[in-house]
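Here the sequence shown stands for residues 436 to 633, numbered as in the working numbering.
Keep in mind the hints are simulated off the structure, nothing from the lab.
Virtual Cβ for every residue (Gly too), placed ideally from N, Cα, C.
Treat the hints with caution; some may be incorrect.
[Claimed, not checked] FRET-style restraints, in silico, Cβ to Cβ:
#: 1; residue 1: S625; residue 2: W512; range: 20 to 28 Å
#: 2; residue 1: D542; residue 2: R506; range: 20 to 28 Å
#: 3; residue 1: W582; residue 2: P624; range: 42 to 50 Å
#: 4; residue 1: A608; residue 2: R506; range: 47 to 55 Å
#: 5; residue 1: R536; residue 2: A562; range: 22 to 30 Å
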Amino acid sequence: MNGRSTGATTAAQHASRVGAFHRGGQADHIAFMAEARQFYRQPFVEVALVCLLLWQVGSGLVMLVRGWARRNGAVAWLQAGSGGYLAFFLVNHVAAVIAGRTVFGLDTDFRFAAAGFFAPPWHWFFAPYYFLGVLALFVHVGCAAYWGFPASRPALGAALLGGVAGVGALFAALIVMALSGSLFPVTIPSPYLATYGQ
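Please put together the full structure from these sequences, using the hints given.
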C-alpha cells in the first residue's frame with residue numbers, strides 16, 4: 436500500500452492531536468476537534484474522505500496480494516506488513532467511529548478514543564493497537580522514501596527509513612501515553628465506559 440491521500444490526511448490529523456496534547460491535554464484536544472469538525476464533518480467532505488480511505492485500503496490490499504509471490508527483501512516485506520496493518524487499523528478505526536456515533540450516540544472525540552484504556556482488560560488491546568497503527572503509517576511512508584533512493588546508495592535509504600520509523604515510534608508512544616492518562620489527567624464519562632460493560 437502507498438502512503439498518499441488518506442494516509443497523509445491521517446498523519447495530519449494525528450499530528451494536530453499530539454500538538455493539542457502538549458498544549459493542555461484533554462480539554463484542548465476536545466476544543467480543537469470541535470473546530471476541525473466544522474470542516475471535515477461537512478457531508479460532502481466526510482463522504483469524500485471515507486471514499487478516499489476505501490480506495491486507499493482497497494488498492495493497497497490488491498497490491499499486497501498481487502505482489503506476494505514477487506516480493507523480495509526485508510524492506511519489501513516491511514512495506515507489505517505495515518501496509519496490511521495500516522489497512523486493518525484504518526478500517527477498524529473508522530468503523531468504530533461510525534458505530535460510536537450512530538449506534539451508541541456518543542461524541543467520538545478524545546474520550547471515545549481513550550475509553551478503552553480505562554476499561555480493563557481492554558487496555559491490553561488498545562495500547563498495542565494504537566501504537567502499531569501510528570508506527571505502521573510512519574514505517575510505510577519510510578519504506579516509500581527508501582525506494583526513492585538510487586539502488587547504488589542503499590545505506591542512505593536505510594538510514595532515512597530508520598529515522599522515519601524512529602520518529603514514528605516516539606510519536607506512537609506519546610499518543611498511547613496521552614490516551615492512557617500518563618501525560619495528563621483523563622476523565623472518561625460513564626456512557627463511554629458502558630460500551631465496554633463497565
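D542 paired with R506, Cβ distance criterion 20 to 28 Å: 42 Å, violated
Verdict for R536, A562 (Cβ pair) under range 22 to 30 Å: About 24 Å separates the Cβ atoms of R536 and A562, which means 22 to 30 Å holds.
CB-CB spacing for P624 and W582 relative to the 42 to 50 Å hint: 46 Å, holds
C-beta pair S625, W512: status relative to the range 20 to 28 Å that was hinted: Cβ of S625 to Cβ of W512: about 44 Å, so the range 20 to 28 Å is violated.
R506 and A608 - C-beta distance against the hinted 47 to 55 Å: 29 Å, violated
The structure shown violates the earlier hints numbered 1, 2 and 4.
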